[in-house]
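Asks: Top line first, the protein sequences correspond to chains A and B.
The UniProt record's numbering applies: residue 1 is where the first sequence begins, and numbers increase by one.
The UniProt record's numbering applies: residue 1 is where the second sequence begins, and numbers increase by one.
Don't read these hints as lab results, they were simulated from the structure.
Beta carbons are placed, not taken as given, at the ideal position from N, Cα and C, and that holds for glycine.
Just to be clear, a hint being listed does not mean it is correct.
Here are some chain B residues pointing at chain A (derived, C-beta under 7 Å) [to be verified]: (1) Leu37; (2) Leu38; (3) Gly40; (4) Ser64; (5) Gly73; (6) Pro86; (7) Val87; (8) Glu103; (9) Val138; (10) Arg179; (11) Lys205; (12) Ile209; (13) Trp286; (14) Ser288.
Mimicking EDC-like on lysine to aspartate or glutamate, the simulated pairs with C-alpha atoms at most 16 Å apart in a straight line are [stated by the list, open to error]: (15) Lys31/A <-> Asp174/B; (16) Lys217/A <-> Glu366/A; (17) Lys263/A <-> Asp389/A; (18) Lys205/B <-> Glu69/A; (19) Lys8/A <-> Glu366/A; (20) Lys262/A <-> Asp389/A.
Here is what each chain is made of, one letter per residue.
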Amino acid sequence: MSQHTRAKFQPSGRIQFGVFFQGVNSGTIWKAPESGSQTDFESFRRIAQTAERGLFAAFFLGEGLRLREHLGRPHALDVAGRPDAQTMLAALASVTSNIGLVATQNTTYNDPSDLAHRLASLDLLSGGRAAWNIVTTDNAWTGANFRRGGYLDHADRYVHAEAFVETAKGIWDGVYGTPRLPRSAKYRPVLFQAGDSPDGRDFAARQADVIFSAHPKFDDAVEFRADIVSRSLAAGRGANDVKIMPASEFILAGSEHEAREKKEWVRSLQIGPQQAIAYLEQFWGRELSAYDPDGPLPDIEPAVDETSETRGSGFHGAKARELTAQWRAEAAEKGLTIRKFVTSRTARVDATFTGSYSSVADTLAEYARVGAVDGFNISPWLIPTGLDDIVNHLVPELQERRVYPTEYAGNTLRENLGLATPVRSASLVPEPAR
Amino acid sequence: MSTSSEGGRRGFLALELDGDGAHPAAWRKARHAPDDLLNGARIRNTVLAAESAGFHAATFADGSLDEGSGIAGRLNALQRAAFAGPVTSSIVLVPEVDTVYTEPFHISTQLASLDYVSGGRAGWLVKASTSAEEAAAVGRAVVSGAGLAQEAAASVEVSRKLWDSWEDGAVIRDVPTGRYLDVDKLHYIDFETPADFAGQRYAVKGPSIIPRPLQGQIPVLAPAGLLAEADVVLVSAPTLELLADELAGIRGRTGAAVVAELDVVLDSRGQSASARLTELDVLGEWDSPRARFVGTAAELVDVLTDLLVVADGVRIHPAVLDVEFEELAQLVLPELRRRGVLKPVSPGGTFREVLGLGRPLSRYSSTVTVGGSVVVGAEN
Numbered sequence: 001m002s003q004h005t006r007a008k009f010q011p012s013g014r015i016q017f018g019v020f021f022q023g024v025n026s027g028t029i030w031k032a033p034e035s036g037s038q039t040d041f042e043s044f045r046r047i048a049q050t051a052e053r054g055l056f057a058a059f060f061l062g063e064g065l066r067l068r069e070h071l072g073r074p075h076a077l078d079v080a081g082r083p084d085a086q087t088m089l090a091a092l093a094s095v096t097s098n099i100g101l102v103a104t105q106n107t108t109y110n111d112p113s114d115l116a117h118r119l120a121s122l123d124l125l126s127g128g129r130a131a132w133n134i135v136t137t138d139n140a141w142t143g144a145n146f147r148r149g150g151y152l153d154h155a156d157r158y159v160h161a162e163a164f165v166e167t168a169k170g171i172w173d174g175v176y177g178t179p180r181l182p183r184s185a186k187y188r189p190v191l192f193q194a195g196d197s198p199d200g201r202d203f204a205a206r207q208a209d210v211i212f213s214a215h216p217k218f219d220d221a222v223e224f225r226a227d228i229v230s231r232s233l234a235a236g237r238g239a240n241d242v243k244i245m246p247a248s249e250f251i252l253a254g255s256e257h258e259a260r261e262k263k264e265w266v267r268s269l270q271i272g273p274q275q276a277i278a279y280l281e282q283f284w285g286r287e288l289s290a291y292d293p294d295g296p297l298p299d300i301e302p303a304v305d306e307t308s309e310t311r312g313s314g315f316h317g318a319k320a321r322e323l324t325a326q327w328r329a330e331a332a333e334k335g336l337t338i339r340k341f342v343t344s345r346t347a348r349v350d351a352t353f354t355g356s357y358s359s360v361a362d363t364l365a366e367y368a369r370v371g372a373v374d375g376f377n378i379s380p381w382l383i384p385t386g387l388d389d390i391v392n393h394l395v396p397e398l399q400e401r402r403v404y405p406t407e408y409a410g411n412t413l414r415e416n417l418g419l420a421t422p423v424r425s426a427s428l429v430p431e432p433a434r
Numbered sequence: 001m002s003t004s005s006e007g008g009r010r011g012f013l014a015l016e017l018d019g020d021g022a023h024p025a026a027w028r029k030a031r032h033a034p035d036d037l038l039n040g041a042r043i044r045n046t047v048l049a050a051e052s053a054g055f056h057a058a059t060f061a062d063g064s065l066d067e068g069s070g071i072a073g074r075l076n077a078l079q080r081a082a083f084a085g086p087v088t089s090s091i092v093l094v095p096e097v098d099t100v101y102t103e104p105f106h107i108s109t110q111l112a113s114l115d116y117v118s119g120g121r122a123g124w125l126v127k128a129s130t131s132a133e134e135a136a137a138v139g140r141a142v143v144s145g146a147g148l149a150q151e152a153a154a155s156v157e158v159s160r161k162l163w164d165s166w167e168d169g170a171v172i173r174d175v176p177t178g179r180y181l182d183v184d185k186l187h188y189i190d191f192e193t194p195a196d197f198a199g200q201r202y203a204v205k206g207p208s209i210i211p212r213p214l215q216g217q218i219p220v221l222a223p224a225g226l227l228a229e230a231d232v233v234l235v236s237a238p239t240l241e242l243l244a245d246e247l248a249g250i251r252g253r254t255g256a257a258v259v260a261e262l263d264v265v266l267d268s269r270g271q272s273a274s275a276r277l278t279e280l281d282v283l284g285e286w287d288s289p290r291a292r293f294v295g296t297a298a299e300l301v302d303v304l305t306d307l308l309v310v311a312d313g314v315r316i317h318p319a320v321l322d323v324e325f326e327e328l329a330q331l332v333l334p335e336l337r338r339r340g341v342l343k344p345v346s347p348g349g350t351f352r353e354v355l356g357l358g359r360p361l362s363r364y365s366s367t368v369t370v371g372g373s374v375v376v377g378a379e380n
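Extracted from the complex, chain A is given alone in its bound form (with noise of 0.2 Å):
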């Protein structure tokens, strides 16, 4: 492609899916009958099976290295209990066939040679079809886990990331002397990376394939591909070079009306009473069991001497007055209880497409006209139904609206993502990141 085309983004016109089997999070409903297990395998082969029989591009696995906690305990309310990425991708590779394994891998708490190694393996197994999710953390309780321990300043997560992901690079080009194993056929793993502070644009315009966004909206989505395609040019890459795929939700039925009654069955069921009350506590910093979860917000102060690190303590002190003080006048303006203010804060607002299968078809239509987004990364609420509904009935309708793929491009995921064999920069050195 010449230079000219190259700096000039062209809309696909179609859309792909992912899905993110998330294993920690208080969207996945496990009070329903049908909610099933989140450490089987059976669990995993299912979604991962649905959703190549749709057709998705990507199978998605978070990571975990810490148990989350709650005032000091491990966090009792959530689903919980993930196993390993690459382990449970290497399984999958043997029970599909063409659908990508992308393993979420964080650059803070794994070596580089041994990381580029395992995916690499992954890579081969699967005959072209893994991917690493990028991700950094700089805390210092998700080291208390591990032997590297330590933690980095905020400032310098992306530049260690970028270091590593340099050196994983160099060792699957060959750079530190010969790899431990060949390049699958289609060059390495593809690269997916979710940053979305300025200089995790920037780190992702550099080198990722394709962007886990945090910006599912149509005006949103449309903003962000453009910031993207500059930045993306800025670093000397193509305007379609990063591909970008937000996370999303879907809540669908066959009318509007049933769809609306489905949404409010689901929000009842992902945040009950407990989480509503656990949701405040963590800001507040202490125990709010007495209050109503149909009531008004606490008026009590949040304690401000709390300093724990525990991942969602957002933040402390007087930060945390303020904001709770913010909190307790927006809910008693809009007359929102606890379980209502903290649904509105914490459901994927808007990240969920409701509505009827055809009606939902024609807005996601509407994204691949226009190029906003090149796919959505979806989030079931259920394990392991939450895609079905989403391939017998939605894919149907985009194949329709000729917005989605009827066949696989290929067997390997950087063909069914449409991405370039990257040219290997040999002449490229980094120094190894430790």
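Following the hints, put chain B in place on chain A, whose structure we already have.
Replies: Then chain B, alone, in the frame of chain A:
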């Protein structure tokens, strides 16, 4: 030579499936194209064939290959085992996993996950890497001597504690109280390396991020002398005679299951084992610490029958996997089964069952058994 299983002891057979075989020149005699070694089809075919032949366990060596090994590389052992999990139903899957230059928390999660994808058929062959290359790759100084055993012991203890850190039944899904987990059944392990630890000391907080493995505790295999607390000890000696002596000696000193390590070269397709070995040795020198059997299938049946009197199992290292396997599957295992010296293979069984081990309660459990009866709420 004994020809029956007097005393009713029956043993198990494991097959090492790494690469093209144990002999460094095995790749020259492999019955597949060189490009077909490092892919899923090769793993599926070899493990399924081993399962159909009646092997109780498959093992997968790991680590960086020596220079000039002749093959293009080695896929991660734990991934190979995991890949085989969903397509098999009875064969035990035992990857070798290093304990020196790896993160104990990751290993523990990976092995527990292997137990889930295999329905409780996971084992762990503990390795203490002596590779300078592997040390350099993670920026550590080379560990040697007594330090190796310390590293292995610490890593295994971390895994065992993490596997127990979720008691059975910690996932309660209690709708009325909104609790998915019973937090009283989750435990911080607060592991610390001992004061005399030769390497840089470390700590692991826990709990695990995955519920207790299906087997409760995954069986741990280790070469004799590496790990005091192994469930299975692998015994090597330079000759068959020394091997038998060594097995008897170790068996008297340990409660662990004892497995004999044996290199095997067999007559094949009209060519004698010794002629084949000569050919292979011309192509590359075979420097192995294990006893070596070179001969006919019938002779091997006798040797294995004798070994299984003094050992709980034998692990076979085929000189050339494709070639030796054909003889083992067609001539050796059927005759051993006829003689009744092999344990029956049970689809859906666990590795602990093969070893005759019960499923232990978590060490953190508040439910303990005393004299065979269950006591609830005892101090832990």
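Asks: All the hints need checking, so say for each whether the structure fits it.
Replies: Results for each hint:
no. : hint                  : verdict
1   : Leu37                 : 10 Å, violated
2   : Leu38                 : 5 Å, holds
3   : Gly40                 : 5 Å, holds
4   : Ser64                 : 6 Å, holds
5   : Gly73                 : 4 Å, holds
6   : Pro86                 : 5 Å, holds
7   : Val87                 : 5 Å, holds
8   : Glu103                : 6 Å, holds
9   : Val138                : 5 Å, holds
10  : Arg179                : 5 Å, holds
11  : Lys205                : 4 Å, holds
12  : Ile209                : 4 Å, holds
13  : Trp286                : 23 Å, violated
14  : Ser288                : 23 Å, violated
15  : Lys31/A <-> Asp174/B  : 8 Å, holds
16  : Lys217/A <-> Glu366/A : 12 Å, holds
17  : Lys263/A <-> Asp389/A : 14 Å, holds
18  : Lys205/B <-> Glu69/A  : 13 Å, holds
19  : Lys8/A <-> Glu366/A   : 20 Å, violated
20  : Lys262/A <-> Asp389/A : 13 Å, holds
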